[in-house]
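Protein chains: 2
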Amino acid sequence: MKKNKVTIKDVAKHAGVGIGTVSRAINGSGEINAETKLKVFKSIQDLGYTPNRIARSMRTKQYKQIALFVNISNVAFTQIANGISQYLDTVGYSVSLCNVGDDEDVRVKILAALENQHLDGIIIAPPREDNLNLSEIVNQMGIPIVTMDRDIPGIPAGVYTDYFTSVNKAVQYLLSLGHRGIALIGGSHTRRQFRKSKEGYEQAFIDSGIENTGEGIIIESDLSSQGGKKAMNDLLPKIRNGTITAIFSLNHYIFHGVLQVIRDNHLRYPEDISIITFEDYELTHLLDPPVTVIRRPLNDIGYSVAQILIRYINEPELYGKIEPFRIPTEFIIRESCGFLKRQ
Amino acid sequence: MKKNKVTIKDVAKHAGVGIGTVSRAINGSGEINAETKLKVFKSIQDLGYTPNRIARSMRTKQYKQIALFVNISNVAFTQIANGISQYLDTVGYSVSLCNVGDDEDVRVKILAALENQHLDGIIIAPPREDNLNLSEIVNQMGIPIVTMDRDIPGIPAGVYTDYFTSVNKAVQYLLSLGHRGIALIGGSHTRRQFRKSKEGYEQAFIDSGIENTGEGIIIESDLSSQGGKKAMNDLLPKIRNGTITAIFSLNHYIFHGVLQVIRDNHLRYPEDISIITFEDYELTHLLDPPVTVIRRPLNDIGYSVAQILIRYINEPELYGKIEPFRIPTEFIIRESCGFLKRQ
DNA sequence: ATGAAAGCGCTAACAG
DNA sequence: CTGTTAGCGCTTTCAT
Chain A
1451 MKKNKVTIKD
1461 VAKHAGVGIG
1471 TVSRAINGSG
1481 EINAETKLKV
1491 FKSIQDLGYT
1501 PNRIARSMRT
1511 KQYKQIALFV
1521 NISNVAFTQI
1531 ANGISQYLDT
1541 VGYSVSLCNV
1551 GDDEDVRVKI
1561 LAALENQHLD
1571 GIIIAPPRED
1581 NLNLSEIVNQ
1591 MGIPIVTMDR
1601 DIPGIPAGVY
1611 TDYFTSVNKA
1621 VQYLLSLGHR
1631 GIALIGGSHT
1641 RRQFRKSKEG
1651 YEQAFIDSGI
1661 ENTGEGIIIE
1671 SDLSSQGGKK
1681 AMNDLLPKIR
1691 NGTITAIFSL
1701 NHYIFHGVLQ
1711 VIRDNHLRYP
1721 EDISIITFED
1731 YELTHLLDPP
1741 VTVIRRPLND
1751 IGYSVAQILI
1761 RYINEPELYG
1771 KIEPFRIPTE
1781 FIIRESCGFL
1791 KRQ
Chain B
1451 MKKNKVTIKD
1461 VAKHAGVGIG
1471 TVSRAINGSG
1481 EINAETKLKV
1491 FKSIQDLGYT
1501 PNRIARSMRT
1511 KQYKQIALFV
1521 NISNVAFTQI
1531 ANGISQYLDT
1541 VGYSVSLCNV
1551 GDDEDVRVKI
1561 LAALENQHLD
1571 GIIIAPPRED
1581 NLNLSEIVNQ
1591 MGIPIVTMDR
1601 DIPGIPAGVY
1611 TDYFTSVNKA
1621 VQYLLSLGHR
1631 GIALIGGSHT
1641 RRQFRKSKEG
1651 YEQAFIDSGI
1661 ENTGEGIIIE
1671 SDLSSQGGKK
1681 AMNDLLPKIR
1691 NGTITAIFSL
1701 NHYIFHGVLQ
1711 VIRDNHLRYP
1721 EDISIITFED
1731 YELTHLLDPP
1741 VTVIRRPLND
1751 IGYSVAQILI
1761 RYINEPELYG
1771 KIEPFRIPTE
1781 FIIRESCGFL
1791 KRQ
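Protein chains in written order, with our numbering: chain A, 1451 to 1793; chain B, 1451 to 1793.
Because the hints were derived from the structure by calculation, they are not lab data. Remember, it's a predicted structure, so these values are computed and weren't measured experimentally. Please note that the accuracy of each hint is not assured.
Which copy is meant is left open, so a pair is good if it fits within one copy or across any two.
[To be verified] Below, simulated DSBU-like cross-link-like pairs (lysine-lysine); rule was C-alpha separation at most 35 Å, straight line:
no. : residue 1 : residue 2
1   : K1559     : K1487
2   : K1455     : K1771
3   : K1489     : K1771
4   : K1559     : K1791
5   : K1680     : K1459
6   : K1679     : K1511
7   : K1459     : K1559
8   : K1771     : K1511
9   : K1771     : K1688
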């Protein structure tokens, strides 16, 4: 029952021209008489012709397809993907989805995808930044890769979230509330997010003119709820004796671990402990009380990174030369942080 | 810097055979001498040849690509997509992602995708089941479409969640706890989920030998947190006067609305109202107290639906004749429902 | 400015 | 059993 697709040949015959002319009319390549052009378009209309993308790809080696390598279980994924699609729709590209679990080898996955997919470009946000040699893929395959919030040697970033300022602001807020024992639970130093946040944290003490005499600590952890749980459990004694009075979670997985420990130990926030987390989503405002967060425009992140990638696809000579978009964040104060009277 | 891909021609020359032979060796089509076959495979190895999928598609009209039309903001999406990819990986297919917001025209989106994507099949879970004429797409394009949990005329379902049993069991549980004023907030009757759940709800009274004298009600609503909010607000007086003692939310969007109203009105569960929701995810067990839920194996749903679709792609004559997978659910009792002493 | 023709890499039909 | 060839639908070069 498959409808026999109309081809460029049919259009040519119908319009009484050569197929080359039709092609030129469609692609606007070469000089072409305005009248013949009109005639061709009319035939295209009449016949309901749409070019066969596969055949076109075969010639042009352009596939109008990019792949997204991310961990789709991240709460940020949905909106970012949405932003990406939104931009790609405007330029006729589609997105292929490749989930990247937390400890999988992204390189292998990319190579596998490349073998049977014909991609024009790739957007990645791999779990780790180190030991990931991707530049040979870029060089050998000649297809551009951009990252979201990662620093990977040889691979340009498409977007950078402004972790420094976000964290700086949030920590200053905590300091202004009287907190000194602020624990930043932040994942691994192999991630840009951790490194930049650390700087923002330290700078906050300086900006506030307060010396960090050691109560404030920065904790590396697994980027998982297990990681958050472990960090939080280790912190428990210090929370109980009042050395640590605020928790700053850098990631939603960690945050879930933190919450669990709070619940399991019958702690209450903001009374027993103040909390802030990075990323705003349903949970953060459905919780009672709602929690203070750093929010970032996820849709924009997707949109921007897609824009940069397409730019690189169309102008390969620019590759690596475009400044990544700096994504500003918003600090949303809710009710999860308490005021601390200092003696 | 693009590596010049090695083609079937190179392999043929290197192996000292014709290109037809190479093709046959690769595809296992036609009779072929075991020795020549070996020779060919050796050459393929030596040269690092991988077939060009585009060229292959051009001939075979098979694209090894399917598209997924769903609302990616649904909490179930991630795991379902994961299951789908998992199966598709085993058969060399990739997934193209198409977000379908809540009131968009799925038909138009599919048509647009089809125009420039060359798909072998489609999986959909559109927001509404009615006024969606998809069968002409199937007939004219000749590509199979399967649904997840939807009843769309002419389009076979790939998977069905067992709403009837799930809801039946949960309502019986509520009844056994002494509840009679059970409100099921369930989205729209244009969705299979609502219709089957309704049956399960009503049967629960019968199964428990309890007459529903009207305290128990089933409410249609928008499938959104706004819908849940509205339904819940309307219910508020009845909750306050004790006519309604339990809320059963059929969907996570609705659940968020319910939670908000509970919070905003300083209600507590399970003391003031018992709650159960459909779908288990972070929020439901991070909430304090954790909430009783119906959980379904989301990964399996994706895996199964992908399996059926591929089957339909490979054996078109079967289309519509395979029984959808019935997905069983799990009833997980936590702490959100209270015992009601009946006077 | 435009028609004819080559060829992208592959599969399948056709000879042998 | 295997080599040769046609052709999928398109873009692009080459004449005209």
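Alpha-carbon proximity context of K1559 and K1791, limit 35 Å: neither (53 Å within a copy, 58 Å between copies)
Status of K1559 relative to K1459 across identical chains (alpha carbons, at most 35 Å): Intra 40 Å, inter 28 Å, cutoff 35 Å: inter-copy only.
Intra/inter-copy verdict for K1455 and K1771 if alpha-carbon distance must be at most 35 Å: Intra 42 Å, inter 27 Å, cutoff 35 Å: inter-copy only.
Alpha-carbon proximity context of K1771 and K1688, limit 35 Å: This pair counts as neither: shortest intra-copy Cα distance 47 Å, inter-copy 63 Å.
Within, between, both or neither: K1489, K1771 at alpha-carbon 35 Å: Neither, since 43 Å and 46 Å both go past 35 Å.
Copy assignment of K1559 with K1487, given that the CA separation must stay at most 35 Å: between (45 Å within a copy, 29 Å between copies)
Intra- versus inter-copy proximity for K1511 and K1771 (alpha-carbon distance at most 35 Å): For K1771 and K1511, the Cα distance is within 35 Å only inside one copy (24 Å; across copies 39 Å).
Intra- versus inter-copy proximity for K1459 and K1680 (alpha-carbon distance at most 35 Å): Neither: 67 Å inside a copy, 58 Å across copies.
Identical-chain pair category, K1679 with K1511, by Cα at 35 Å: neither (49 Å within a copy, 51 Å between copies)
Violated hints, in rising order: 3, 4, 5, 6 and 9; the structure is consistent with all others.
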